[in-house]
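K.L.:
Starting from the known structure of chain R, fit chain F onto it as the hints suggest.
In order, the protein sequence lines correspond to chains R and F. Numbered according to our numbering, the first sequence spans residues 3 to 91. Numbered according to our numbering, the second sequence spans residues 1436 to 1742.
Wrong hints could be hidden among the right ones.
[Said to hold, decoys possible] Among the chain R residues that face chain F by a calculated CB cut under 7 Å, a handful are:
no.	residue
1	Ala11
2	Phe12
3	Thr13
4	Leu14
5	Leu17
6	Ile57
7	Gln60
The hints are simulated quantities; they were obtained by calculation from the structure and are not laboratory data. All figures in this text were calculated on a predicted structure; none of them were measured in a lab. Cβ atoms here follow ideal geometry from the backbone N, Cα and C, with glycine treated the same way.
Take a look at the letters that make up each chain.
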Amino acid sequence: MELKSFYMAFTLYSLIQTAILCTNAIAVLHEERFLSKFGWGVDHGVGGFGDDPGIKAQILTLIRSVRTVMRVPLIIVNSACIVLLLLFG
Amino acid sequence: MDLPHQGYRATKPRARAAPPTADSVLFDDTSSAAPAMNSQGYYTPGYNMAGPSNNMQGGAGPDLFADPMANAAMMYGSSLANQGKDMVNKEISRFMSVNKLKYFFAVDTRYVLKKLMILMFPYTHQDWEVRYHRDTPLTPRQDVNAPDLYIPTMAFITYILLAGMALGIQKRFSPEVLGLCASTALVWVIIEVLVMLLSLYLLTVHSDLSTFDLIAYSGYKYVGMIFTVLCGLLFGSDGYYVALAWSSCALMFFIVRSLKMKILPSLSPDSMVTGSSAKPQFRLYITVATAVFQPIIIYWLTSHLVR
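One chain only, chain R, in its complex shape:
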């Protein structure tokens, strides 16, 4: 295929792959064993209620909410990916 000029051509499938990999990466960040060592644990996130939370609190909230929401769908999607990759290479 003469696609040497498209040196970073994306397909929608690669976008789906990226999304799955990134969500998996966020989902494996365990709070007690890993994040607490950096001072990013459960107790460090909830900060000031009066003013806007800072960047670190926002990131921690995002990580925690992604882990809570995407846990079950990720199990399903990962299982489907494993089966499909085993069957079709």
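P.N.:
Only chain F this time, still in chain R's reference frame:
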């Protein structure tokens, strides 16, 4: 779904109709059968009112059929199709509000021409404020500064066609390449919108930029891309670089001026600056980063088309 399209085509000759009534600013004449309604009850009553007329139209036609069975079958089939349409509408309106989407497509010819001129030459445009009407933003028909999704969609499709044409001129065309070009451009739009959303969320910028607004603003770069590719095809490599510089500067100016109104808050005198003092800096960084990203992506997506 051809009903909204019929209504949409019918609006174009009536673009300069009477001014909107008091409670239905957005959707007064986009349905050929429905009178002016308020925006909440727009979609379903408008559709229901036009539904029976569709049925009646379908019923009047097959009277020409001699076979009564064919008449009955046609009416049954049309009622089934209407039921299917209702179900599809209900499912779609669970994911995204169709009313909000209709706001972005409520454009007319005058708006499109003015907006294209502003995109290509924004230096003389004075007033960049988005005007409001009792808390709801005005439609693009009434306010030139309002973002719309019509221009980005059309520009995206035109860009794909132009890319196919450019590749065909260089004898590098094949149908897979066209699909690849389309999905690459789409993926870049999605990446840019996601990065913008993430940065706006992380820095707790309380702006009223919705997802569709961001899609609109990041789709305006396709107009610049079309202009650049056309100049590159017509005038060769020099024309390409000149057009690239021109449309980059125009687009950067446009993005900075438009987003400045929305992201960088007008610090009202009674509310103190909340949060850390680094906030206004970060908002400025976001705006500038978005602006700088546009020429990069224009160059990235068009340089292989013009050799």
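K.L.:
Restraint: R:Leu14 near chain F, CB-CB cut 7 Å. Satisfied or not?
P.N.:
Holds: closest Cβ of chain F sits about 5 Å from R:Leu14, inside 7 Å.
K.L.:
Measuring from the C-beta of R:Ile57 to each C-beta in chain F, is the shortest one below 7 Å?
P.N.:
holds (6 Å)
K.L.:
Is the interface hint satisfied for R:Phe12? The criterion is a beta-carbon contact with chain F at less than 7 Å.
P.N.:
With a minimum Cβ separation of about 4 Å from chain F (threshold 7 Å), the hint on R:Phe12 holds.
K.L.:
Can R:Thr13 be said to touch chain F, with a Cβ gap under 7 Å?
P.N.:
With Cβ-Cβ at 5 Å, under 7 Å, it holds.
K.L.:
Holds or violated: is the Cβ of R:Leu17 closer than 7 Å to a Cβ in chain F?
P.N.:
Holds, because the Cβ-Cβ distance from R:Leu17 to chain F comes to roughly 5 Å (cut-off 7 Å).
K.L.:
Can the hint on R:Ala11 be confirmed by a CB-to-CB distance to chain F that is less than 7 Å?
P.N.:
Result: holds, 5 Å to nearest chain F Cβ.
K.L.:
Close enough to count: is the Cβ of R:Gln60 nearer than 7 Å to one in chain F?
P.N.:
holds (5 Å)
When each numbered hint is compared with the structure, no violation occurs for any of them.
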